[in-house]
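Participant: So for the sequence shown, the numbering used here puts the first residue at 76; every next one is plus one.
The set of hints was computed from the structure by calculation and includes no laboratory data. Any given hint might turn out to be false.
Said to hold, decoys possible - Subject to a maximum C-alpha distance of 25 Å in a straight line, what follows is the list of computed DMTMM-like cross-link-like pairs (lysine to aspartate or glutamate): (1) Lys150 - Glu210; (2) Lys83 - Asp162; (3) Lys137 - Asp80; (4) Lys168 - Asp80; (5) Lys124 - Asp109; (6) Lys150 - Glu140; (7) Lys150 - Glu199; (8) Lys119 - Asp88; (9) Lys167 - Asp80; (10) Lys221 - Asp162; (11) Lys137 - Glu210.
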Amino acid sequence: MSKLDWRKVRPLDLRDAMEWCTKYARAKHNYSVDNIADLMGVNKWTLYKWIADADMPARLIKPFEHVCGVNYVSKWLVESAGKMVVDIPKGKKCGVNDLQRLQASYHDSVGELIRFYDGGADVEKTLSAIQAALEQTAWHRSNVQKYRQPELPFED
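Put together the whole structure using the sequences plus the hints.
Facilitator: Okay, structure coming up:
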């Protein structure tokens, strides 16, 4: 079984985004929904209801994502409004792996476009591949702009 690439996850709707956050928390931090609720300071049944109904209060989205360690809900909200999410680069020098990942995203998106126009690909999967390639390209563009004055590596 192949390892899941969490960067390629594209939720289909708000409920799916919340579920992917809980799956990530389980896989990376071994947190159950009960643990997440406890760390957020809410009742576990309330969190289960919010996820089931896709009806979490907006003021609790960031704490939920912070506990889970991933921001799929915020990304879905932005992308559902027709906008693109680009992580802010720090102006660091990229290695071969970064460029290979960019090339792979181009390859995936062109492959999905070919399958789509031949009538064999899913619309959501095609859009997801295109979105990933655009986001990575925009990240590299911003990274090149910041290269002369990189940010201090506080998180490293």
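Participant: Compare the structure with each hint and give your call.
Facilitator: Hint by hint, here is what the structure shows:
1. A distance of roughly 12 Å separates the Cα atoms of Lys150 and Glu210; the hinted pair therefore holds under the 25 Å criterion.
2. Distance check on the hinted pair: Lys83 and Asp162 sit about 14 Å apart at the alpha-carbon level, within 25 Å; holds.
3. Under the criterion of a C-alpha separation no larger than 25 Å, the hint pairing Lys137 with Asp80 is consistent with the structure, at around 22 Å.
4. Taking the CA atoms of Lys168 and Asp80, the gap is about 23 Å. The hint holds against a cut of 25 Å.
5. About 12 Å separates the Cα atoms of Lys124 and Asp109, which keeps this hinted pair within 25 Å; it holds.
6. Proposed proximity of Lys150 and Glu140 is supported: the alpha carbons are some 11 Å apart, at most 25 Å.
7. Only pairs whose Cα atoms come within 25 Å are accepted, and Lys150 paired with Glu199 is accepted, the gap being roughly 15 Å.
8. As the CA atoms of Lys119 and Asp88 are separated by approximately 22 Å, the hinted pair is consistent with the 25 Å bound.
9. Restraint check for Lys167 and Asp80: the C-alpha separation of about 22 Å stays at or below 25 Å, so the hint holds.
10. Of the pairs offered as hints, the one joining Lys221 and Asp162 holds, with about 13 Å between alpha carbons and a cut-off of 25 Å not exceeded.
11. Using a Cα cut-off of 25 Å, the hinted pair Lys137 and Glu210 holds, with the two alpha carbons roughly 22 Å apart.
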